[in-house]
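Just so you know, the sequences run in chain order A and B.
Take the first sequence: its letter number 176 is residue 176 in our numbering, and every next letter is one higher.
Take the second sequence: its letter number 108 is residue 466 in our numbering, and every next letter is one higher.
Since the hints were made in silico from the structure, they are not lab data.
Careful: at least some of the hints might be erroneous.
No farther apart than 27 Å at their CA atoms in a straight line, the calculated lysine-lysine pairs in the DSSO-like style are these [what the hints assert, rightly or not]: (1) A:Lys113 / B:Lys546; (2) A:Lys140 / B:Lys643; (3) A:Lys253 / A:Lys357; (4) A:Lys8 / A:Lys114; (5) B:Lys546 / A:Lys114; (6) A:Lys83 / A:Lys69; (7) B:Lys643 / A:Lys83; (8) A:Lys262 / A:Lys357; (9) A:Lys140 / B:Lys546; (10) A:Lys253 / A:Lys271; (11) A:Lys341 / A:Lys357; (12) A:Lys253 / A:Lys140.
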Amino acid sequence: MPEAAGIKVERLSRVFPPNVIALRSVNLEIKPGEFFVILGPSGSGKTTLLRIIAGLEVPTEGRVVIGGKVVVDAEEGIYVEPKDRDIGMVFQNWALYPHMTAYDNIAFPLRIKKLPKEEIDRRVRSVAEALGISELLDRKPTHMSGGQQQRVAVARALVKQPKVLLLDEPFSNLDARIRVSAREFVKELQRKLGITTILVTHDQADAFAVGDRVAVLRNGVIQQVGTPDELYDEPVNVFVANFIGDPPMNIVKVVSNHEVIKSLGLTDLVKGNEYVYVGIRPDEAVASSNSVDTHLSGEVVLIEHAGSRRYARVRTDVGLTLKVLADEGLVEGGRAYVRIKKMHLFSEGGSRITTLKL
Amino acid sequence: MGRTSKVKLLSKAKPGLTGLIRSPIKWLIVNVVAWVIGVLWILPFVGLFMTSVRPFGEVAVYGWWSIHPFTFTLKNYYNALFNPMFSLAKGFINSLIIAVPSTIIPVILAALAAYAFARFSFPIKNYLFIMMLFLMAVPQQMTIIPIFFMLNNMHLLNTYLGLILVHSSWGIPWITFFLRNYFSLLPKELEEIARVDGASNREIFFRIVLPVSLPGIISAAVLQFAWVWNDFFFALMLIYDPNKMVITQMLPRLKGQYQVDWGLLSAGSILAMSVPILVYVLLNKYYITGFRGWAMKR
C-alpha cells in the first residue's frame, strides 16, 4: 500500500458563467488516512468540489494540494491531469463500462497503464478477493445487483492503489437495506487500507455512518467542519442544526423577550437581538405526565411512532409547538410536561449563541 | 425507397411498444394500424414474389393472386442472374464492391467527427454543425454536375473508387448528425472515470465510447448501406461501363426492348432487394436498440 496522502483545499472558488457561484472560497484540510465527508443539500456545490479535487473541473480561484503536490492552482496556472493525481473515483451511478465484464472493468486502469498481463491478473484477483467479488468477475454489469456493481466500481477505483479515494454519492442508488451494509463495508475497507477518502453525500445518515469528520456545505460555503458528534452537539448555525439530526431539531423563532426566554432566565444571553432562534432536538427533551422537574407544560396534539420510539407533538402554554420524546402514559389531548435536557440558542443572524444543558 | 420513409416504417415495428399501452382501446387501435401498415407493406412483396416464381404466361392470364394453376419455377431467377447481355450476378458483385466501403468509410469518419461535435469544444463548432445541417438539405440533382466534372478531372469517372467517394461524402453529414445525438446521450461519467483511470481521448473513444455505442453505429451503418445499395441516381450518372454497373442499373435493362417480361423483372427485383433486407434481418436487434437509444434502456 502506498502511504496515505493529505489533501489541502485553499480559497477554492468556482463560478459557472454567467453568474452561478458554485463554491465560495472553500478551505479544507484533510488529514492522511482520514475518512472525510462533504455533506450538503443538492445544489450546495459538493459535487463540484469533489470534481475539482479529481481534476474533472477547474476552479476559478484557489488551489488544491494532494500529498504535498499542487495539482491545481488557478492563480499560478497549474493543472495536473486526473490520471496523474493518484486518485481513484466512484460515481453515483458507478459508471461501470457496460460492454465489459467485472474483470475487464477492474483491469481497465491497469491495461491503460500497459502493465504486464500476469501483474494485471494478480492485482485484479487480489482486489476482487479483498472486496468479496471473486465469483462475479465473469459477469457483465447488467447481471449484477446494485450492491455488487458498487463493489466492482470500488475495486476498479482501488486497483491502481491510489493515494486518495473519491466517492460521489456512492450509496444513493442502493435501496435502504443494502445501503446499511454497503456503508459498513466501505467504512471497514477504508479502515483496513488506511486510504485517505473523500465522500460526497446529501444524506446525513451516510455521512455519520462513515465519516471521521464531516464538512457541511451550503450554497458553496463551508458552514462547519467537525466530527459527527461535534456537528450534532454544537451546530454552528441554524442551517447545520436543522440539516443534521433525524428527526430534525425543533427550531422556533421567538422575540427576545418571549416568555420562554424569560422563564429559563436567558435574557442576558440574547441581548442585542430582536429575535432569536430556540433549537431543541426531539431526542433531547422528554414529555411526560409528571410535572416534577420540568420546564414547559402544554397539551399533547399528536403522538407518532418512529421505530422503537414515540414522539409527542406538544403545544406548550408559552406558544411553542415542539416534537419531543414521549414518555409512557401520554395520551393525545392530555396534559404534558416537557423536560428539556439540552437547548441551543441562535442569534437573529442564525449563528449559535450558546448551548445550554438544563 | 427514400431514407426517411424507411425510418418511419421500421420504427412502427418497435417491439415493447405494447408495454407502454395500457388501455384496451389504445391497444386495439395500435394493433389495427400496425396490421394495416404491415399488410400494405407486405402485399406488393407477395405479388412480386408470386410473379417471380412462375412462368410469365401463367401470371399474365390468371393474375398473380390465383393459385390455380400454379407452376413453380426458378427459371426467372436463373435468367436474371445469368442473362448473357446484362448479368445481374455481375451487378450484384459490383453493388457489393461499392456499398461495403461506402458504408465503412463514412461511418468511421463520421463517428470521429460526431464525437468531436458531441464532447469537445473548439472554435466555430456550432457554426460548422449548423452549416452541415443546412447543406444536408441540398438535393442530389443540384450537386451532380459539379460532382461529374470534379470526378472527370480527377480521372475517377466510371470507376468504383469515384462512386465510393461520392457515396461516402454524401453519407458523412447525416451519420455525423445521427451519431452526435447518440453520443450526447451516453452518460458522461463513463468517459470521466476512464479519464481518471488514465485513458487518453483516443483510448476513451475506441475502447469505451465506440463499443458502448455499437447499436447506434450499426443503425447508421444499416441505413447507409441500404441507401447506397438502393441508389440509382449517382450510379446512373457516374458509372457507364456495363461491366461496372451496379444492380439498380442492371435492373431496368431486364425489361427488354419490345415487351416487358415481368417474371424476369420480378425475380431481378427480389434479388436486388434481398441484400438490404438480409442486412436488416441480421442486425435487427442492434438496429432497434440503436433507435430506442441508450437513455431509454437505462
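task: Please work out if lysine 262 of chain A and lysine 357 of chain A have their alpha carbons no farther apart than 27 Å.
output: This hinted pair holds, its Cα atoms lying about 16 Å apart.
message: Check the hint pairing lysine 253 of chain A with lysine 357 of chain A against an upper bound of 27 Å on the C-alpha distance.
response: holds (20 Å)
message: Can you confirm whether the C-alpha distance between lysine 253 of chain A and lysine 140 of chain A stays at or below 27 Å?
response: violated (54 Å)
- request: Given the hint that lysine 253 of chain A pairs with lysine 271 of chain A, test it: the Cα-Cα distance must not exceed 27 Å.
  value: Roughly 15 Å between the alpha carbons, so the hint for lysine 253 of chain A and lysine 271 of chain A holds.
- prompt: Within 27 Å, alpha carbon to alpha carbon, are lysine 140 of chain A and lysine 546 of chain B?
  reply: Measuring from Cα to Cα gives roughly 20 Å; hence the hint holds.
task: Decide if the proposed pair is consistent with the structure: lysine 546 of chain B and lysine 114 of chain A, CA atoms, cutoff 27 Å inclusive.
output: The given pair, whose Cα atoms are some 24 Å apart, holds under the 27 Å limit.
- prompt: Is the straight-line distance between the alpha-carbon of lysine 140 of chain A and that of lysine 643 of chain B 27 Å or less?
  reply: holds (19 Å)
field: Given pair status - lysine 114 of chain A, lysine 8 of chain A, alpha carbons within 27 Å
entry: Violated, because 31 Å separates the two Cα atoms, which is more than 27 Å.
message: Next pair to validate is lysine 83 of chain A with lysine 69 of chain A; report whether the Cα-Cα distance is within 27 Å.
response: holds (14 Å)
- request: Take the C-alpha atoms of lysine 113 of chain A and lysine 546 of chain B, compute the straight-line distance between them, and say whether it is at most 27 Å.
  value: Cα-Cα ~22 Å, so holds.
- request: Quickly compare the C-alpha distance for lysine 643 of chain B and lysine 83 of chain A to 27 Å and report which way the hint goes.
  value: Violated, because 37 Å separates the two Cα atoms, which is more than 27 Å.
- prompt: Taking 27 Å as the top limit, are the C-alpha atoms of lysine 341 of chain A and lysine 357 of chain A close enough?
  reply: Within the cut-off at roughly 6 Å; holds.
Consistency with the previously given hints fails for numbers 4, 7, 12, ordered from lowest to highest.
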